[in-house]
Amino acid sequence: MPKRVLIADDSEFMRNLLREILADDFEIVGEAENGVEAVNLYEQERPDIVMMDIVMPIRSGIEATTEITQSDPNAKVIMCTSVGQEEKMKEAIKAGADGYITKPFQKPNVLEAINDVVPA
Amino acid sequence: MRLDIRELGQFNRLASNGAERAARSLSQLTGIDITVEVTDVSLVTDEVLAETFSGQEFVGVQVGLAGGLAGETILAFERSNANVLQSLLLDRSGADRSLAQSGVSELGNIMIGGFIDGWANHLGEAINMTPPTYLEAQGTRILPRETMRAAGDKGVFLFESRLEALNENLDFSIYMLPEYGEFVEMLSRSPTEPTIPANKLRAFDGLAKRGAHRAAEQIGMMTGIDTDVNVSQIRFVTLSDVPATVGNDRSVGVVFTLSGMPSGYLVILFDEASATTVAEAMMPGGMAEDGIGTLTEGAVKELGNIMTSGFIDGWANVLGTSIEHSPPNYIYDMSSSIMSPVVAKLGQRQEYAFVIDSTIQLDGRTGQCDIYALPDERELAKTLSALPTTAG
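Each protein sequence line maps, in turn, to chains A and B.
Here my numbering runs 21 ahead of the position in the first sequence, where the first position is 1.
Here my numbering runs 16 ahead of the position in the second sequence, where the first position is 1.
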């Protein structure tokens with residue numbers, strides 16, 4: 022059974038890119054454009070992994086991660102971010118993120134990050 | 017508020033690193049090799065912004081910042097460059113054309129992130145970014161209204177990085193404009209000498225502009241050619257980047273050593289055609305030499321002498337100091353090679369330089385002359401600190 026992935030990114034371009042990267046090896050269970058949608062879709066689908074953008078409208082990726090990991094302490098969240106700021110990463114880890122990748126990313130980096138968090 | 021020059025230098029270096037990261041991201045997303053030629057920061061007025069952005073259509077990505085640094089930040093591409101990047105981006109990712117705007121927004125977001133990371137880590141504070149907003153506009157309308165207002169009021173800091181694609185005909189600039197008040201506040205948190213009062217820098221900018229206009233008038237008087245000061249601004253740049261800012265085209269140049277307060281150097285560069293034009297105009301009955309020869313040398317040295325006096329006389333009067341200049345040192349070479357010895361000499365004392373950069377347009381844009389003044393930064397700081405608030 023392929024692992025089930027939820028993609029949360031406000032950029033349609035990045036969602037498309039991630040979908041292309043993951044389509045062969047994973048099942049994409051949903052795509053969210055903001056933090057609120059990400060939390061709702063998580064509750065519905067309970068995916069194995071969430072690929073979560075940090076900067077999103079309505080509710081940020083960090084806020085959404087906090088909410089998801091509070092409701093499900095076993096949730097696995099990988100932050101996908103264009104910012105590599107140390108302070109921002111500390112915030113993400115505090116929110117419960119299990120790993121992060123910095124944009125722009127390529128397939129090997131994405132697969133490696135997922136494998137680190139949810140080994141095959 | 018007093019600007020810490022070392023801190024301004026540090027932010028310029030971080031911006032330079034940010035531009036490198038942005039270029040790497042761009043290379044990765046588009047599949048073409050892109051390098052950063054130079055990054056500098058200028059204090060610019062609304063007039064300079066209008067000149068910089070005039071007559072062009074831009075595609076921009078605007079990102080709001082909060083936390084360690086607040087304000088609106090914009091990254092702008094000229095439309096033609098944006099089109100090329102957009103095509104490369106979509107081809108590379110296999111994305112549909114309908115994702116073009118989203119792709120450019122994300123590209124801008126990633127590139128701005130590259131800049132902001134270094135600044136945030138330096139500050140030890142997170143800088144929060146809003147989601148990117150895609151923009152298309154003509155000229156300065158690509159800039160936030162607040163940026164233009166601030167530029168007209170106190171000036172704004174403009175970070176410009178010039179990028180070049182190695183195997184494509186693609187040269188472009190990316191512009192970052194952090195909010196003036198926030199940025200100045202950040203540079204003034206715990207100032208160590210040398211420092212420059214922020215408001216005096218704007219006053220000095222006005223002084224430099226008047227110097228450029230006087231130099232332009234001298235060309236007009238000596239040659240009868242109509243002139244106009246096209247751009248005049250104070251840029252803050254890593255000294256080692258100065259030769260790259262002037263490029264590698266061959267120029268006819270004169271270099272003057274300034275002594276007094278502040279000391280430093282003044283370099284006047286004419287492109288070859290303009291040197292010939294002004295020399296011919298200065299010779300009664302026209303000139304009898306092919307190309308750049310001794311007659312051109314004599315004419316440019318003489319003109320340079322007079323322009324330099326015009327340029328710096330106003331400084332000395334307003335600053336209440338005395339500034340002398342050496343006889344002209346004539347050099348006909350690549351612009352970067354003319355500038356390199358000046359950089360080497362200044363580099364013994366400082367790592368960064370305030371470069372007063374003025375472009376004088378000759379007779380309906382048929383040619384141009386560039387004036388670069390590079391004062392000793394410590395002496396400039398000292399002199400500006402003593403400048404009355406009303407000066408400029």
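Calculated directly from the structure, the hints in this document are not laboratory data.
Note that this is a predicted model, so its numbers are computed, not measured.
Don't take each hint at face value.
[Stated by the list, open to error] Only some residues are given here: those of chain B computed to face chain A with a beta carbon under 7 Å:
(1) L45
(2) I48
(3) A111
(4) T149
[What the hints assert, rightly or not] Among chain A residues calculated to face chain B with C-beta under 10 Å, some are:
(5) K97
(6) V104
(7) Q106
(8) E108
(9) I114
(10) D137
(11) V139
[What the hints assert, rightly or not] Simulated coverage check for chain A against chain B, where a stretch passes if three residues somewhere in it have a Cβ under 8 Å from a Cβ of chain B:
(12) 34-46
(13) 56-69
(14) 116-130
Every residue gets a Cβ at the ideal spot worked out from N, C-alpha and C, and that includes glycine.
Checked hints:
1. A least Cβ separation of about 5 Å between L45 of chain B and chain A falls short of the 7 Å threshold, and the interface hint therefore holds.
2. Of the supplied interface hints, the one on I48 of chain B is violated, with its beta-carbon coming no nearer than about 14 Å to a beta-carbon of chain A, more than 7 Å.
3. Against a cut-off of 7 Å between C-beta atoms, the interface hint on A111 of chain B holds, since the closest Cβ of chain A lies about 5 Å away.
4. For T149 of chain B, the shortest C-beta to C-beta distance to chain A is roughly 10 Å, which exceeds 7 Å, and the interface hint is violated.
5. The criterion of a C-beta within 10 Å of any C-beta in chain B is not met by K97 of chain A, whose closest approach is roughly 24 Å, and the hint is violated.
6. Annotation: V104 of chain A was flagged as interfacial toward chain B, and the flag holds, the nearest CB pair being 4 Å apart, inside 10 Å.
7. Satisfaction of the interface hint for Q106 of chain A is found here, the shortest Cβ-Cβ separation to chain B being roughly 4 Å, below the 10 Å cut-off.
8. Using the Cβ-Cβ criterion of 10 Å, the hint placing E108 of chain A at the interface with chain B is satisfied: the shortest such distance is roughly 4 Å.
9. Given hint, I114 of chain A at the interface with chain B, is violated; its Cβ is 13 Å from that chain's nearest Cβ, farther than 10 Å.
10. Because the beta carbon of D137 of chain A sits about 21 Å from the nearest beta carbon in chain B, more than 10 Å, this interface hint is broken.
11. Because the smallest distance between the Cβ of V139 of chain A and any Cβ of chain B comes to about 25 Å, over 10 Å, the interface hint for this residue is violated.
12. With a threshold of 8 Å between beta carbons, the proposed coverage of the region 34-46 of chain A by chain B holds, since 5 of its residues qualify and at least three are required.
13. Look at the region 56-69 of chain A against chain B: 0 of its residues bring a Cβ nearer than 8 Å to a Cβ of that chain, fewer than three, so the hint is violated.
14. Here's how the region 116-130 of chain A fares: 3 of its residues keep a CB closer than 8 Å to some CB of chain B, so the rule of at least three is met and the hint holds.
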